[in-house]
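Engineer: The primary structure of each chain is shown beneath.
There are 2 protein chains.
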Amino acid sequence: MKYSRRTTPLKQTEIQGHHCSVDVRLEKLSKVAFFRELQQEQLDKINEHFRAAHIQKGEPVYHQGEEAKQLFVVVHGAVKLIHHTTEGKDILMDLLKPGEYFGGLPVLGDENYAETAYAQMTSCVLSIGAVDFEQVLHANPSVAVNLIEITTRRLKQARHRIHQFTTWPVEKRITSVLLMMGEKFGEDRKDGILIQVPFSRKDLADMTGTSSETASRIMRTFQDEGLIRSGRGWVAISDAEKLKQRYISDG
Amino acid sequence: MKYSRRTTPLKQTEIQGHHCSVDVRLEKLSKVAFFRELQQEQLDKINEHFRAAHIQKGEPVYHQGEEAKQLFVVVHGAVKLIHHTTEGKDILMDLLKPGEYFGGLPVLGDENYAETAYAQMTSCVLSIGAVDFEQVLHANPSVAVNLIEITTRRLKQARHRIHQFTTWPVEKRITSVLLMMGEKFGEDRKDGILIQVPFSRKDLADMTGTSSETASRIMRTFQDEGLIRSGRGWVAISDAEKLKQRYISDG
DNA sequence: GTACTAAATTGAGCCGGCTCATTTTAGTGC
DNA sequence: GCACTAAAATGAGCCGGCTCAATTTAGTAC
Chain A
1 MKYSRRTTPL KQTEIQGHHC SVDVRLEKLS KVAFFRELQQ EQLDKINEHF
51 RAAHIQKGEP VYHQGEEAKQ LFVVVHGAVK LIHHTTEGKD ILMDLLKPGE
101 YFGGLPVLGD ENYAETAYAQ MTSCVLSIGA VDFEQVLHAN PSVAVNLIEI
151 TTRRLKQARH RIHQFTTWPV EKRITSVLLM MGEKFGEDRK DGILIQVPFS
201 RKDLADMTGT SSETASRIMR TFQDEGLIRS GRGWVAISDA EKLKQRYISD
251 G
Chain B
1 MKYSRRTTPL KQTEIQGHHC SVDVRLEKLS KVAFFRELQQ EQLDKINEHF
51 RAAHIQKGEP VYHQGEEAKQ LFVVVHGAVK LIHHTTEGKD ILMDLLKPGE
101 YFGGLPVLGD ENYAETAYAQ MTSCVLSIGA VDFEQVLHAN PSVAVNLIEI
151 TTRRLKQARH RIHQFTTWPV EKRITSVLLM MGEKFGEDRK DGILIQVPFS
201 RKDLADMTGT SSETASRIMR TFQDEGLIRS GRGWVAISDA EKLKQRYISD
251 G
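Sequence lines, in order, name chains A and B.
The numbers in this note's numbering rise by one with no breaks, and the one at position 77 of the first sequence is 77.
The numbers in this note's numbering rise by one with no breaks, and the one at position 112 of the second sequence is 112.
Hints are computed from structural coordinates only; laboratory data are not their basis.
Source: prediction; values computed, not measured.
Yeah, the Cβ is synthetic: ideal placement off N, Cα and C, and Gly gets one too.
Take the hints with a grain of salt, since some may be wrong.
[Claimed, not checked] Derived lysine-lysine pairs resembling BS3-like cross-links, with alpha carbons at most 27 angstroms apart: (1) K202(A) x K172(A); (2) K184(A) x K156(B); (3) K45(B) x K156(A); (4) K172(B) x K172(A); (5) K97(A) x K156(B); (6) K89(B) x K244(A); (7) K156(B) x K202(A); (8) K89(A) x K97(B); (9) K156(A) x K69(B); (10) K156(A) x K156(B); (11) K156(B) x K69(B); (12) K89(A) x K244(B); (13) K97(A) x K244(A).
[What the hints assert, rightly or not] In silico negatives: residues of chain B with every beta carbon more than 10 angstroms from chain A: (14) L10; (15) P98; (16) L147; (17) A158; (18) K184; (19) R229; (20) R246.
Build out the structure end to end from the sequences listed, making use of the hints.
Structural biologist: This is the structure in structure tokens:
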């Protein structure tokens with residue numbers, strides 16, 4: 001990968017027009033884990049309950065502490081969930097790709113949003129309110145069971161993260177996150193996997209519970225070892241296997 | 001609190017007979033959060049799906065890694081969930097009181113148990129298998145929604161714990177756990193709140209992600225400041241308000 | 001009361017990673 | 001290509017808490 005003039009390898013997302021066309025909406029709704037198994041007709045009806053919004057990069061979808069009144073689905077782009085701590089630090093809870101949902105509703109046990117949701121890149125999100133969602137629930141009972149499953153999976157992930165924070169050194173944590181990001185947002189190229197979403201050192205630090213200086217140092221090491229390439233706000237994994245072998249398998 | 005001869009202040013639980021009498025079972029089942037709102041008749045029917053087991057102190061209910069086939073409810077005693085890490089450390093995920101459930105089922109998204117469940121004291125637990133539970137689900141649709149709510153609440157707790165591990169010093173973490181234990185298992189006495197469940201330094205350390213030596217040192221400090229009293233496997237909080245004010249509010 | 005022992009305590013060296021400060025540079029606009 | 005600047009990198013001092021080792025003692029059995 002050679003840059004004659006330095007430009008980010010990330011795809012530009014300032015595509016003209018609205019990204020929330022019906023086709024794309026329906027496609028992404030069908031990918032929402034708790035709507036799986038539903039027929040096209042059912043999805044069409046559900047789609048009617050959702051409203052679309054176009055969010056500029058860096059803009060919030062909702063703020064931490066606000067009353068939880070809506071569920072959201074990423075249709076295009078990426079959304080980052082940040083918990084702002086009382087100590088003035090940020091914890092990056094998750095970075096969501098199209099088809100993933102976020103937000104909260106009273107019926108699901110949420111009172112206030114525990115985090116602020118930001119568009120990591122220009123994004124299109126769909127939202128549904130409490131009354132509409134309960135209608136969807138009643139009309140499609142399988143949705144409730146699927147929701148339990150997904151919430152349980154998220155709970156397991158959160159618990160695994162507790163494990164990581166308790167016992168894993170920072171290198172290992174960073175490796176784990178890079179590999180996860182490669183799987184979730186990675187674009188295969190002949191020279192590796194480009195994580196096709198803006199992802200800065202601060203994001204990495206906030207997601208692994210370390211400082212951005214430490215994240216930077218470790219990324220420097222990985223780069224010097226030929227395991228990754230990176231620049232301002234982007235990362236490409238040159239050798240995922242070796243990265244995993246060297247920093248995860250060692251224990 | 002004066003001990004003429006050193007004996008633990010904890011109640012002895014080697015009560016003769018079986019603790020899983022129908023009255024107690026029904027009472028604790030009605031306290032399970034996802035069975036709330038059900039009528040006595042419904043609870044009677046649900047009770048028929050559960051089997052009882054008597055577990056000796058220190059014995060496991062199930063092992064980490066086993067196939068998840070049952071949900072359990074604590075009727076009497078206390079159950080501790082320990083995740084054994086590959087690094088040889090233990091993470092105390094939760095300490096459950098009567099009325100709380102644990103375990104897992106495929107329908108809820110579980111494949112294997114992520115932790116080993118141990119009886120922290122002689123306990124009586126009820127269990128239900130996959131087929132029975134799905135029947136309960138179908139007969140009582142509100143159970144599914146309640147389950148989402150509870151799982152969501154557990155997810156929030158887990159995420160709060162990530163926040164704590166990321167930014168809180170150990171004193172603050174230990175304080176938080178002591179206060180939580182006081183609320184959950186505390187017995188009010190004129191000289192404070194006795195945590196009426198065995199709770200060692202190792203338990204405290206495993207629950208706060210620190211070493212037992214560090215837990216011991218901090219408890220020594222709290223003791224010297226008159227905030228707690230403790231002995232082998234027991235803790236009493238002498239001044240919860242001051243403990244909170246001094247180690248949590250300071251930020 | 002004595003004997004016992006595992007839980008709790010204590011001492012001390014070590015280090016991973018933090019904070020603070022400064023410098024370098026990737027990537028954009030023109 | 002030049003100018004700019006915020007993201008990334010680098011240096012260095014500091015310390016919270018870990019690990020290892022040894023000692024003390026809470027609570028039980030008899």
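Engineer: Now, for every hint given, state plainly whether the structure supports it.
Structural biologist: Now the hints, each set against the structure:
no.	hint	result
1	K202(A) x K172(A)	holds (17 angstroms)
2	K184(A) x K156(B)	holds (23 angstroms)
3	K45(B) x K156(A)	violated (31 angstroms)
4	K172(B) x K172(A)	holds (26 angstroms)
5	K97(A) x K156(B)	holds (21 angstroms)
6	K89(B) x K244(A)	holds (22 angstroms)
7	K156(B) x K202(A)	holds (23 angstroms)
8	K89(A) x K97(B)	violated (34 angstroms)
9	K156(A) x K69(B)	holds (17 angstroms)
10	K156(A) x K156(B)	holds (12 angstroms)
11	K156(B) x K69(B)	holds (25 angstroms)
12	K89(A) x K244(B)	holds (22 angstroms)
13	K97(A) x K244(A)	holds (23 angstroms)
14	L10	holds (28 angstroms)
15	P98	holds (22 angstroms)
16	L147	violated (5 angstroms)
17	A158	violated (4 angstroms)
18	K184	holds (19 angstroms)
19	R229	holds (28 angstroms)
20	R246	holds (17 angstroms)
Violation of the numbered hints given earlier is confined to hints 3, 8, 16 and 17; the remaining hints are satisfied by the structure.
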